[in-house]
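First to last, the sequence lines map onto chains A and B. The numbering of the first sequence is numbering that gives the first Met the number 0, which starts it at 0 and goes up by one. The numbering of the second sequence is numbering that gives the first Met the number 0, which starts it at 0 and goes up by one.
In case anyone wonders, no lab produced these hints; they're calculated from the structure. Every residue gets a Cβ at the ideal spot worked out from N, C-alpha and C, and that includes glycine. Relax, there's no trap hidden among the hints.
Taking lysine-lysine pairs in the DSS-like style, the calculated list, with each CA pair at most 30 Å apart, reads:
hint: 1; chain 1: B; residue 1: Lys300; chain 2: B; residue 2: Lys24
hint: 2; chain 1: A; residue 1: Lys27; chain 2: B; residue 2: Lys158
hint: 3; chain 1: B; residue 1: Lys210; chain 2: B; residue 2: Lys198
hint: 4; chain 1: B; residue 1: Lys300; chain 2: B; residue 2: Lys34
hint: 5; chain 1: B; residue 1: Lys294; chain 2: A; residue 2: Lys216
hint: 6; chain 1: A; residue 1: Lys216; chain 2: B; residue 2: Lys300
Now the stretches of chain A that chain B is said to cover, found in silico as 3 or more residues with beta-carbon under 8 Å:
hint: 7; segment: 11-19
hint: 8; segment: 140-151
hint: 9; segment: 253-259
hint: 10; segment: 282-294
hint: 11; segment: 297-307
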Amino acid sequence: MLQYSLRRILGMIPLLFLTSIVVFSLAKFMPGDPFGGEIDPSNTNPEYIEEMREKLGYNDPIHIQYIRWVTNFVQGDFGHSTAHKIPVFDLIVDRLPNTIFLAIVSLIITYIFAFAMGMYSGRRPYTWGDNLIAGYNYVGLAIPSFVAGIIAIYFFSFQLGWFPFAGSVEVGLQPGTWDYYVSRMHHVLLPALILGLMGTASYTQFLRNDVIENSRKDFVRTARAKGTSESAIYNKHILRNSMIPLITFLGFDIATLIGGAVITETIFTYPGIGLLFLESVDRRDYAVLMTITMLLSFLTLLGNLIADLLYGIVDPRIRLG
Amino acid sequence: MVKASLNTDGQVLIKNKQKQFSPWKLARKKFLKNKIAMTSLIVFVSFVLIAVFGPLFTTQDITRINFMSMNLPPSAEHWFGTDTNGRDIFTRMVYGARTSLLIGLSCMTFIIVIGTIVGAIAGYNGGKIDQIFMRITDFVLNFPFLVFVIVLNTILVGKVSGVWTLILVISLLSWGGVARIVRSRFLSEKENEYVLAAKSIGTRPIKIIGKHILPNVASTIIVQATLMLAVTIVAEAGLSFLGSGVPANIPSWGNMLFEARDSDVLRNKTWIWVPPAAAITITILAINFIGEGIKDALNPKSRR
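Could you put together the complete structure from these sequences and hints?
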C-alpha cells in the first residue's frame, strides 16, 4: 500500500508541473499585464511605465518569468491583488475556510440522506417507496444546481423567510461568540442543502443495488438462520459490507464540489473561493485568478488522488496494476 | 414466416423459418415500446423543431431594448411577459432554444468524435501509444472544468465569433471521459477472434477499427452521446448564468436565467426566470430518459 501511495503521489508532480505551465501561458494570453497591479495606473508617463516594467521583470524572457512566478508561488508568495489591494495569500486565507465549510456541510447532508434512502430502497426494492426515491433521484439528476438554487432562494428565502439569501454571516457579529457560529450555520445551510441533496443520486443508487445483491448472499442466510433480527441484519451485517465501496466516491465528490463551488457561491452570494474567482475574472485581477486556478487544479488533483488511494485500499488488486 | 423455394431436384421445400431481426432492429422495437423514452423523444424532437423553425414565425423584435414595455407580466400580446429590457420572453425562449440546443448538439458531436478517435487509437494499439494518449487524457480530466472554461472563454471571446468560442472551449475540455470509456471497450473488444481474423488477412488497422470494432462499440458510444448532450446543455446554461458563457446579446436559456441573479427579479418577477428554468430542466430530464431508453434497448440482457 505504501509503495502504491508513493507511486501515485509522485505521479502527481509532472501533472502539477504541466498544469502550472498551462495556467502561466493562459495568464500570458490574457489581455493586459497579468502580473501587474504594482504599476500605478494614474501615472501614464511612458518612461515611468517602462521603468516599472523593467523593474518588475516584464521584459525578461518568458521562461525566466515563469521560473520566477513558480518559485514565488511555491514559497507562498502569490502576488498582489489589484482589486483588493492586499496580498493574494491573505485574500485566499480569508475566503477558503468558507468554501471548505460549505463543502463539508453539504457532504454530511449527502451522506445522511443517501444512506437513509439507499438503505430503505435496498431493503424494500420495487415498492412504491423505492420508486418514489428513484423518481426523486431522476429529477435530482436533471435539475441543474443553479436552477435548484434559485428556486430554493425563491421559496425558502423570499416566500417563507427561513434562510438568508446572501453572505456567510450576519453583519456586525463578533467572531467567537455563540451567535456568530449560529449565524454562520444558518447562512451555510441552504446552499449546503441544495448541493447535498443534488448529490445523493449516485450514492443512493449504488447503495440500493449493493444492498439488494448482498441480501442474497450466504452470510445473510447464516445470520437469519441464527435468528438475528431483520434490522440487525440490514443495519449491521449488510451495511458494513456495502459501505466499503462507497468511500471511493469521496475523492470524486471533492473534485465535483470544488468545481461546482463557482456556481453555488455565485447564486447564494456566498463569499468563498468560487465567488472570488468570478469577481477576479470580471475585474481582471490576474494574480488572484491565477492563484485560484492553480489552487483549484491542485485540489482537483488531490481529490482524484484520494479517490485512487481509497480504491487501492478497497480493492487490493488495483495496487498491482 | 413460411418460405417456399425450389431446390435443385425441383422439390418444393417449405422452411419454417423463425423471424430474425438484426440487433439494431430489435433495439428499435424495444425503444418504440418504452413509453417514457418515446414521450421524452417526442418532447425533445419538438423542442428541436421549435428551435429550427420557430424563429420563422415569431413577430416580436427582441434585438432592441424597449423602454415602453419593461417587466410586463404575461398577457395576450406577450405570452410569457417581457424582461427587464422590455423584450418578449416567449420569442427569446424560441431563439434561446436555438442557441442552447445548437451548443449542446455541436459540443456533443465534437466530444464524441475526439473522444472516440483518441480512445480507439489508444485502445487498439495499446503499449506506448496507449500510455501517451491516456496521460494526455488524464491531464485534460484533471482540470477543474468550469474554472478553465471561464478562463479560456475570457481569452478567446471576441476572437472567434459568438457561440463558437464556447462550443470550442467546452468540447476541448470534455472529451476525456469518452476517450477513457471508448479505450476500455476497444481494449477488450480487440481480443476477439474476428479482429484476429481480419488482421490475418491483412486488413488495414484503420479499416479494422472503423468497420469491424466500431459497430460493436457503438452502443456504448451512443449512450455516452446522450449523456454528453445533457452535460453540455447544463454547462452552457451554467456558464451563461454566471455571465461567462454566450455573449449577452445572443439569447440563450442560460443568459435568460442570468436575470434571476437580480434579487428583485427573482422575488417579484417570476415570469422572467421560470420559463428558461423549466425549459432547461425538461430538456435534461427528456435527454436522460432517452438515454436510459437507449441503454435499455441496446442491452440484450434486458427483456421487457
